[in-house]
Amino acid sequence: MSIMRLTGMVSGLDTEKMIKDLMKAENTRLDKIKRDKQYAIWQQEGYRGIIDKLRTLQSSYFDVLKPRNNVASASSFAHFNYSIMSNGSNSTALTVSATGNVTNKNQVVDKITKLASKDTYSGNDADLRGIKISATDIAGLKNNLAGSDFEMTLSVGSSAKLIKISNASLSDGMTSTEFEGLLRTEIINQFGSDYTNLVKASGSGLEFDLAGNEVKVLTYDTNTVSLTALNLTNNQSNLAYKTKTVGELFGFTSSSVSINGKAFVIDESETVDQMMSRMNKSDLGVEMTYDTLSDKFTIKSTKEGSVNNISIGDATTESFFKSLLNTGVASLSTVRTEGQNANLQINGVDIIQSSNAFTYDGISYNLKELSNDPINIEISTNKTEIINNIKNFITAYNEILDDINGKISERKNFDYRPLTDEEKEAMNDEEIKKWEDAAKLGILRGANELSDMVLKMRNALVEPIEGLGITLADIGIKSENYSARGKLVVNEEILSAKLDSNFDEIVSLFSKQSDIGYDSGNSATRSRENGIGRRLDDILKDYVRTTRGTNGQKGILLVKAGIQNDTSFTQNDISKRIATFDSRLDTMMSFLANREDYYYRMFSRMESALSEMNNQASSIMGMMGMNQ
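Counting in our numbering, the sequence shown runs from 125 upward without gaps.
Worth flagging that the hints you see were computed from the coordinates, not collected in a lab.
Some clues are possibly wrong.
Unchecked claim - Calculated lysine-lysine pairs in the DSSO-like style (CA-CA distance at most 30 angstroms, straight line):
#1 K446 - K386
#2 K515 - K611
#3 K420 - K238
#4 K177 - K158
#5 K548 - K148
#6 K420 - K242
#7 K446 - K405
#8 K235 - K492
#9 K531 - K177
Make the full structure from the sequences, and use the hints.
Here it is in structure tokens:
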């Protein structure tokens with residue numbers, strides 16, 4: 125409620141200052157709520173800073189999309205040096221890569237007698253491109269021109285030229301060959317000799333076409349007779365097939381064909397590109413392409429090997445293939461190259477593979493060429509890369525551990541607390557920053573979630589792994605003393621020696637995987653069976669995952685403080701506390717406004733009473749004649 129604030133006029137008191145002093149006491153409760161809110165904001169920022177660092181650790185060393193750095197995967201140990209030699213020289217017949225658990229690092233590929241291939245149908249000219257002229261129209265051209273010269277504009281790409289042939293040069297019943305000669309002479313005159321093949325024979329007639337270019341015929345000036353006489357239309361293109369339907373181009377009607385035992389519906393209203401796109405995105409196991417330069421269709425299996433050869437289900441499907449491949453009356457076998465398997469010999473053992481890319485004995489092969497000569501493959505562990513990856517991971521782990529340990533043990537400085545608005549007004553920006561940095565100390569001291577997480581991470585690295593008789597300490601990675609608070613030190617000399625003698629065990633130490641799923645509800649058994657990399661990965665998921673677990677909750681720290689670009693940013697425990705403080709601030713602000721109005725009304729009544737008393741005194745004195 126608004127009131128007139130004219131005070132002290134009768135009493136002579138500085139009531140403005142008195143009310144301001146009274147409100148200072150009242151405002152201490154408001155400042156207390158603001159401080160508590162600021163502490164909550166700082167606490168949330170502290171948690172989010174740690175969440176960001178944990179997620180960086182997660183993306184750097186536990187990301188399945190970065191297998192060479194993922195310490196929870198055997199692939200992080202797949203750092204090898206490769207030697208692939210044949211007859212004393214580097215061989216190009218194949219490439220290899222090894223997994224972290226390769227069992228034999230020396231192999232001999234005695235020979236490669238066959239490469240795997242895809243079942244392939246390579247079509248004849250599809251005759252889709254081109255602006256076609258029939259022999260009949262050519263024969264009747266002179267008569268249809270009725271004495272006029274033949275004139276049209278021919279464009280190739282961005283260049284357009286007039287093609288003109290005098291009526292006298294034409295003849296009744298002219299053959300396609302004769303007209304081709306007249307057109308070619310004029311085309312060379314206008315475009316140059318590089319464009320000789322712009323016109324060529326097509327069946328009994330002719331066509332305008334040039335691979336890699338769009339060719340158009342256009343009406344020259346007002347002469348529409350020339351194009352009409354050849355049954356052509358203005359702006360007709362050699363690429364007109366792109367907008368025509370498969371019904372128009374091939375006479376297809378909407379029907380179903382059977383490829384590899386699966387139905388595919390032909391839609392007569394689709395264009396070639398639309399039909400191919402739909403087929404290639406299907407699960408038919410075939411890929412259809414059209415080469416605009418060669419004007420040919422190719423249909424091939426999506427996978428190599430004879431087991432993946434294309435099966436044509438019925439006569440309708442065969443007719444569909446023959447129309448696209450333009451085989452005429454010939455069998456489809458005339459345009460087919462059947463898919464075959466790769467045949468090779470490794471260490472004297474004959475190997476048949478449906479693909480040129482396969483894994484055998486922990487080594488991934490990719491066959492490139494045939495070879496009758498033995499190929500010697502030697503694979504040696506690149507210990508330097510493996511050790512560097514482990515060291516980098518340990519460094520990142522130590523930094524996280526050091527940061528969190530520092531936060532949860534940091535002592536609070538009670539001499540500093542969040543500044544009030546009035547206090548900030550008396551400081552510059554640098555002073556405010558220094559003060560607030562001191563006030564933030566200890567904001568996460570004793571945080572249970574962080575203390576529990578650190579303990580779990582430390583235990584994950586030292587607790588034995590079921591079925592494995594090796595620990596981090598055995599390979600030279602351990603904490604030097606209790607005061608290190610879990611931080612690890614790497615003895616490179618010991619680690620290097622152990623990689624030579626216990627390589628497979630070290631791989632398992634980091635990457636061994638339990639058969640029990642992450643969300644199984646049996647996390648204790650899973651942890652005992654998992655390698656240390658997978659244990660840490662599980663812990664990071666528990667605390668910073670953005671997906672919901674079987675309990676319906678996101679990561680523990682996200683539930684606590686949330687992160688940006690996720691619903692938890694506003695839906696978390698601390699944000700709820702901050703919202704409560706905001707509500708209390710609104711209530712307190714309303715209370716203080718009412719309290720201030722109350723003080724003004726109280727002093728106003730006092731002034732009114734004093735004024736009334738003065739008036740009464742003046743009246744009495746007047747009655748007694750004391751005012752004369």
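Hints, one by one, checked against the model:
1. K446 - K386: Roughly 19 angstroms between the alpha carbons, so the hint for K446 and K386 holds.
2. K515 - K611: holds, 12 angstroms
3. K420 - K238: holds, 27 angstroms
4. K177 - K158: At roughly 29 angstroms apart (the allowed maximum being 30 angstroms), K158 and K177 satisfy the hint.
5. K548 - K148: Within the cut-off at roughly 16 angstroms; holds.
6. K420 - K242: Holds, because 18 angstroms separates the two Cα atoms, which is no more than 30 angstroms.
7. K446 - K405: Roughly 22 angstroms separates the two Cα atoms, so the pair holds.
8. K235 - K492: holds, 12 angstroms
9. K531 - K177: holds, 13 angstroms
Figure legend: structure checked against the earlier numbered hints; every hint is met.
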